[in-house]
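Student: Okay, here's what each chain looks like letter by letter:
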Amino acid sequence: MAVQATESTPSVALGPAVALSCRECGERFPLGPIFACQECFGPLEIAYALPTGDPEALKKQIEAGPANIWRYAPLLPVPADVADKPNLNPGFTKLVKADRLAAELGVTGGLYVKDDSGNPTHSFKDRVVAIAVEAARAFGFTTLSCSSTGNLAGAVGAAARRAGLKSCVFIPHDLEPGKVVMAAVYGGDLVAIEGNYDDVNRFCSELIGDPLGEGWGFVNVNLRPYYGEGSKTLAYEICEQLGWRLPDQLVIPIASGSQLTKIDKGLKELIALGLVEDKPYKIFGAQAEGCSPVSAAFKAGHEVVKPQKPNTIAKSLAIGNPADGPYVLDIARRTGGAVEDVTDPQIVDAIKLLARTEGIFAETAGGVTVGVTRKLIENGVLDPSLTTVVLNTGDGLKTLDAVASGPTATIRPDLDAFRAAGLAG
Amino acid sequence: MSVNVRIPTILRTYTGGEAEVTAEGATLSEVIADLEKNHQGIAARVLDDAGKLRRFVNVYVNDDDVRFEQGLQTPTPEGAGISIIPAVAGGC
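Line order of the protein sequences matches chains G and S. Each number in my numbering comes from the position in the first sequence (counting from 1) with 915 added on. Each number in my numbering comes from the position in the second sequence (counting from 1) with 1072 added on.
Careful: at least some of the hints might be erroneous.
Said to hold, decoys possible - Just a sample of chain S residues kept apart from chain G, beta carbon distances all over 12 Å, derived:
{"hint": "1", "residue": "Gly1088"}
{"hint": "2", "residue": "Gly1097"}
{"hint": "3", "residue": "Thr1099"}
{"hint": "4", "residue": "Ser1101"}
{"hint": "5", "residue": "Glu1108"}
{"hint": "6", "residue": "Gln1112"}
{"hint": "7", "residue": "Gly1123"}
{"hint": "8", "residue": "Leu1144"}
{"hint": "9", "residue": "Gln1145"}
{"hint": "10", "residue": "Pro1147"}
{"hint": "11", "residue": "Glu1150"}
To be verified - With a straight-line cut-off of 25 Å between C-alpha atoms, the simulated DMTMM-like cross-links for lysine to aspartate or glutamate are:
{"hint": "12", "chain 1": "S", "residue 1": "Lys1124", "chain 2": "G", "residue 2": "Glu942"}
{"hint": "13", "chain 1": "G", "residue 1": "Lys1224", "chain 2": "S", "residue 2": "Asp1135"}
{"hint": "14", "chain 1": "G", "residue 1": "Lys1221", "chain 2": "S", "residue 2": "Glu1102"}
{"hint": "15", "chain 1": "S", "residue 1": "Lys1109", "chain 2": "G", "residue 2": "Glu954"}
{"hint": "16", "chain 1": "S", "residue 1": "Lys1124", "chain 2": "G", "residue 2": "Asp1245"}
{"hint": "17", "chain 1": "G", "residue 1": "Lys1224", "chain 2": "S", "residue 2": "Asp1136"}
{"hint": "18", "chain 1": "G", "residue 1": "Lys1194", "chain 2": "G", "residue 2": "Asp1163"}
{"hint": "19", "chain 1": "G", "residue 1": "Lys1224", "chain 2": "S", "residue 2": "Glu1141"}
{"hint": "20", "chain 1": "G", "residue 1": "Lys1224", "chain 2": "G", "residue 2": "Asp1259"}
{"hint": "21", "chain 1": "S", "residue 1": "Lys1124", "chain 2": "G", "residue 2": "Glu1218"}
{"hint": "22", "chain 1": "G", "residue 1": "Lys1221", "chain 2": "S", "residue 2": "Asp1120"}
Unchecked claim - Quick list of simulated restraints, FRET-style, between CB atoms:
{"hint": "23", "chain 1": "G", "residue 1": "Ala1215", "chain 2": "S", "residue 2": "Gln1145", "range": "15 to 25 Å"}
{"hint": "24", "chain 1": "S", "residue 1": "Gly1113", "chain 2": "G", "residue 2": "Thr967", "range": "39 to 49 Å"}
{"hint": "25", "chain 1": "S", "residue 1": "Thr1085", "chain 2": "G", "residue 2": "Ala964", "range": "26 to 36 Å"}
{"hint": "26", "chain 1": "G", "residue 1": "Gly1079", "chain 2": "S", "residue 2": "Thr1087", "range": "30 to 40 Å"}
{"hint": "27", "chain 1": "G", "residue 1": "Lys1221", "chain 2": "S", "residue 2": "Ala1115", "range": "15 to 25 Å"}
{"hint": "28", "chain 1": "G", "residue 1": "Lys1009", "chain 2": "S", "residue 2": "Glu1150", "range": "54 to 64 Å"}
If you are wondering where the hints come from, they were derived from the structure by calculation, not from laboratory data. Every residue gets a Cβ at the ideal spot worked out from N, C-alpha and C, and that includes glycine.
Isolated chain G, as found in the complex:
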């Protein structure tokens, strides 16, 4: 769809967003529902005219805003009155100071878990979808769609209903039952594709070029430049919740890699706006060994990512051909971080470790970040004397099958039986 507009007068009102810019070659395009550069196929991202002026005044404006991502509306591609529209209003989730986990891992510089299981559909996806909903409204789409490893399908289904849009979402046929129910319950169409996530994604890319998909807003295809920006809010919140301070180290899960690149973008914006002190930070990427194309490329010193066929319990991270992989490699190397992976048993151990130390039940992706944090400390790569933030991007209730936990004992309802079980005292 051609969009005619100049940068000074965008055809749609999306706050400080002024244009789309190719991350590869720098070519600029008017704001519209396009996602790949017409010159080089590179990913398009939002170019902004961000607020200038007194950082303290901006801080006060943000702090006086709603307790959700719209407090950062001046930094996002959304209309100024976004908070008045029907939306799931995600974000401002807890940043948990994880002292018991820190003690177990030997972290002395302060360890925090950014717990995004507290979002409306229990994963960070509500952040990105909320931005995509505003783009869909701006471009006049009436159906919201996506390719999904599960969490996104539920987030799109819920957000579409709240916004009064239709939805049709596509998932691999072998997802965890909890995620399938969560995607289906909102009443939109849910289509299971016989294949893995990369097959689903390819299908959606073809659908969008066909008249069948005309008029559809695919949050992670033709609305991807807008959608991805939602992950910047994780960076904003972490810094605000630390008292407008950058953490020293962040451990972030990698599926396509978009979230990690947008968190880096958000941190850089906060520095440029003068909202935080300019100091170095390190970004670490976390993958499951059974789907570790970015970790493999990092360790091999490669600049490109060789696709893999995923086989891991961390299905929300099971993207074998990650679109933003090369940029993750750039960021990990630029900041002095790393990309590491852990096995499925290590993921389960880490889920249980986080649960028993902090009372946080993470989905498998959270097991990946906690597991990788532990491994990076053991290997001397992550400095335990520095302030470290680990992301948990989803709720353990979505991946119950991964964790074989049950009762300590099953007894008759009498005190003798309890005493006999050896659990008293």
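Fit chain S to the known structure of chain G by using the hints.
Tutor: Positioned in the frame of chain G, the structure of chain S alone reads:
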């Protein structure tokens, strides 16, 4: 060998708006050269200056990602379906 090539939206300016075109060639490399003959300019969009597939282009021959096969030397049998797709879609 005659094959069918699905053209992504952003390349349809080169094919007069056609979403699918036919091309000749026994390998992907030959097919792209033949596309260029009939739709001038299209090869430079798909290949970089060194003649390699651009890093944000995925190409499938009969449902197989050519990066898992033999890249530009992947055979393209008679009647094969080839899809050119922007790689930046998906995930988060």
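Student: State for each hint whether it applies.
Tutor: Checked hints:
no., hint, verdict
1, Gly1088, "holds, 15 Å"
2, Gly1097, "holds, 21 Å"
3, Thr1099, "holds, 20 Å"
4, Ser1101, "holds, 18 Å"
5, Glu1108, "holds, 16 Å"
6, Gln1112, "holds, 16 Å"
7, Gly1123, "holds, 15 Å"
8, Leu1144, "holds, 15 Å"
9, Gln1145, "holds, 17 Å"
10, Pro1147, "holds, 19 Å"
11, Glu1150, "holds, 22 Å"
12, Lys1124/S to Glu942/G, "holds, 21 Å"
13, Lys1224/G to Asp1135/S, "holds, 14 Å"
14, Lys1221/G to Glu1102/S, "holds, 24 Å"
15, Lys1109/S to Glu954/G, "holds, 19 Å"
16, Lys1124/S to Asp1245/G, "holds, 21 Å"
17, Lys1224/G to Asp1136/S, "holds, 12 Å"
18, Lys1194/G to Asp1163/G, "holds, 9 Å"
19, Lys1224/G to Glu1141/S, "holds, 13 Å"
20, Lys1224/G to Asp1259/G, "holds, 16 Å"
21, Lys1124/S to Glu1218/G, "holds, 15 Å"
22, Lys1221/G to Asp1120/S, "holds, 18 Å"
23, Ala1215/G to Gln1145/S: 15 to 25 Å, "holds, 23 Å"
24, Gly1113/S to Thr967/G: 39 to 49 Å, "holds, 41 Å"
25, Thr1085/S to Ala964/G: 26 to 36 Å, "holds, 30 Å"
26, Gly1079/G to Thr1087/S: 30 to 40 Å, "holds, 37 Å"
27, Lys1221/G to Ala1115/S: 15 to 25 Å, "holds, 24 Å"
28, Lys1009/G to Glu1150/S: 54 to 64 Å, "holds, 60 Å"
Figure legend: structure checked against the earlier numbered hints; every hint is met.
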